[in-house]
Each structure stands twice: as structure tokens, then as C-alpha cells.
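Read top to bottom, the protein sequences are chains V and D. In terms of the working numbering, the first sequence has 94 at position 94, counting the first letter as 1, and numbering is strictly consecutive. In terms of the working numbering, the second sequence has 53 at position 53, counting the first letter as 1, and numbering is strictly consecutive.
Worth flagging that the hints you see were computed from the coordinates, not collected in a lab. Ideal placement from N, C-alpha and C gives every residue a C-beta, glycine not left out. There's no promise every hint is true.
Sample of chain D residues at the chain V side, in silico, Cβ under 8 Å [said to hold, decoys possible]:
| no. | residue |
| --- | --- |
| 1 | Val-62 |
| 2 | Cys-64 |
| 3 | Pro-70 |
| 4 | Leu-74 |
| 5 | Tyr-113 |
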Amino acid sequence: MRARWPALGLALLAGGVAAGEIGPSERRSGRDFMSAETRAMQADDNSNPGMLWVLQGEQLWSDPAGSKNLSCASCHGEATESMKGVAARYPAFDDASGKPIDLAGRIARCRTERQGAEIPAREGDELVALTTYVAHQSRGLPVAPPADERLAPARAEGRRLFETRMGQLDLACASCHDDNWQGRLGGSAVTQAHPTGYPIYRLEWQAVGSLQRRMRGCMVGVRAEPFAYGSDAYVALEAYLMSRAAGMAMETPGVRP
Amino acid sequence: MGAALLALTAPAGAQPVGATDVPTLIAYEVAGDAITGPLGGTRGDADRGAKLVAERQKSLCVLCHSGPFPDPHLQGNLAPDLKGVGVRLSEGQIRLRVVDMKRLNPASIMPAYYGLPAGERVAATWRGRPILEPGEIEDIVAYLVTLKDE
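Work out the full structure: start from the sequences and follow the hints.
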């Protein structure tokens, strides 16, 4: 038992306080915790199932939609140029609503306001595919949260939520992802909860899903009432997770167990 | 490990000895770092306890703990191995740890199995009830005291 339960447990017990945030040199993508097979699946575009969503998003990018019959391309041209690095700096501050907005929210806004289409469902195929396609244009680029002071309150709120014990199991995100990231919960690596691969193809879902869907899973896991998709709370958590991952490489579409 | 044991036992002496005052839970008495008497007055059944400990969705024990249980590859390592726990701890000490580990270590990640939920936003299904019922806790305690091989 001594060998299996090293410094981690001791730090929790002896200090009586949370071990705190992960130092920059210790940061590791969720990919580094996966099996060699899953890593290989992510690395090869021919075997990465998330690429199907990228292809679907590419199609949607140039399909005219809505009452104005405009496509994303009508305004933004080639996504490979115009969308490069965009996902790496979201959530961003949205002047219209006066609060931070995440990438999926931004795309949904274009869909309704600029194209005159219906509000796309948060985890629906269309929005997930478009978000995956746009985020894929940042693959390999460093996460670059904007130096926008107006985002500071959301980041602080995200951190507060991350450190708040929730649910019947009374666990905070930080209990696992800051204090026990090297451990295994049941058969799963806990990881540091970096948002670098999103939207991801999750083997358990057999589909691509958003960062919010992944966070929902953890909230349900601790028997907490999850936040609503698109809520300020989730956007705040996203803003915090992105600031925690500043400088790490984007991987979209990541593959996770 | 020395530091850990100290941290585990030190606050216990400082705890007030007495019954909980939560109306919907049955009262129990904490003496030092133990609850000597069975919750509800009756001891449990070790076989039922063994099954419960292995139930990942219900008791959740193996998500964090390893031990002499089925499916070792699905056991977590966020907590001490429960092998030999029946030698290290008395029945009453085990009972308090399962009932409410946070009395001994407020920063523990181990949920209080017989307390009212302390976290925010508890989902409706789980609101206002403990994770396990007294009888289930007694079954688990009855099983853990049999784990004598270290």
C-alpha cells in the first residue's frame, strides 16, 4: 500500500488543504494518459473518427442556410485561413450581449443573426460538426486566451466553480483534476481536464461531443444537477479551463476513452 | 504514512463526542475516532457487504479503493488499499470512516456515506438522503472487519 499510495494521499491528509493548481511544467494533455491504441487513433486522420465530423462541418461551412441564404463561407471565405487560431482564443468577450461567449455560442449566433436560420441545438449534429470544423483549424496552435480584462470575472467564476464541492459525493472538479490527476478513478485515468482536444470523439459516446457535454458527465458523476448547456456557468468554466491550458497545443478532434 | 496516521487521528480527539442532530438520520455516537455500536442497533452481514463493496455504481468504493475484490483492473488508486483493513482498524473505527470520513479529515475526498449531502447542486434524485442506508453500512462494516490478510 505504501508504494501504491505515495505523496498524493499524504499531501491531502497532512495539509488538510487542497494541493492547488498544477504548475506549468507539469501540465499534460488528456492524450498523454490514453492507451497507445487510442493515441494512435487520434494521431492518424484516417483512423480518427472525429474527422467525419470535420468533413461534415466542412460541407456545412459552404452550404447556404437560413432566410438570407448565406453560407459561413459567404462572410468568412476559406475557413483554413479565416478560422485559423480562432478556437484557441475562445471563449471571447461578446460586445452584443456584454458577456463572454464560447465558440459554439458564437457559431449559433452567426447562424441565427447573419444567416437567419433556426437556433441550432447545443449538442445537435449541425452545431457540433461546425464547431469541430472551426476548432480543427487551430490544431497544433497554442491555446491563447485573450488578454481582455473583461474576461477576468468569468475566469475567476470558472475557477470558483472548479473548486466548489458539488453533488451528493461532495467533490470539486479540483479534488480530482488538480489534486489527484495522476490517479485512476476505477479503470479511468483522472487527467488534468485540459480542454485542448474539444470537441472530442469519445469512444464511450460513439460520437463527437463538446467540452460542456464532457463537464456534464463529471457533474452527473458526482451526483450534481448539471448546468444548462450554453449557460454562463459552463462558459465561465470553459474560460477558466482555457486559461489553465494557455500555451498547450490544440488537438481537435481529440479522441478520448 | 506516519504523518498521515497522525493527521487522521489527531483531530479525532478534539471532536465533541455526541449524537448527530440531523433529524432524518438516525443518531449515532462518536467516541474518539470510532462509532462503537452498530447503526440502528443491528450488526450486518459480511456476504452482503462483500457484494455491496464491489457494486461500482452504488457503493462506489472500488472507484477509489483497491482491495481483495473482483476485477482489479477496474479498481481505482485514489485511496488506501483496503487489504488488511480489519487488522489496522477496529470495527468501530471502520464504521466511523465509512459513515463520515470528513470528521477525521475535513479535506478528504471520501464522501460521507451516512450524512446529508454537503455539496452544492445535489441532483434531485439524491437530495435529502444519505448515500447508503444504515443496514448497508453495517453490511459493509461486517465485511471489512473480515479483511485480515495484509
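Here's how the hints hold up against the structure:
{"no.": "1", "hint": "Val-62", "in the structure": "7 Å, holds"}
{"no.": "2", "hint": "Cys-64", "in the structure": "7 Å, holds"}
{"no.": "3", "hint": "Pro-70", "in the structure": "13 Å, violated"}
{"no.": "4", "hint": "Leu-74", "in the structure": "4 Å, holds"}
{"no.": "5", "hint": "Tyr-113", "in the structure": "10 Å, violated"}
Against the hints set out earlier in the document, violations occur for numbers 3, 5.
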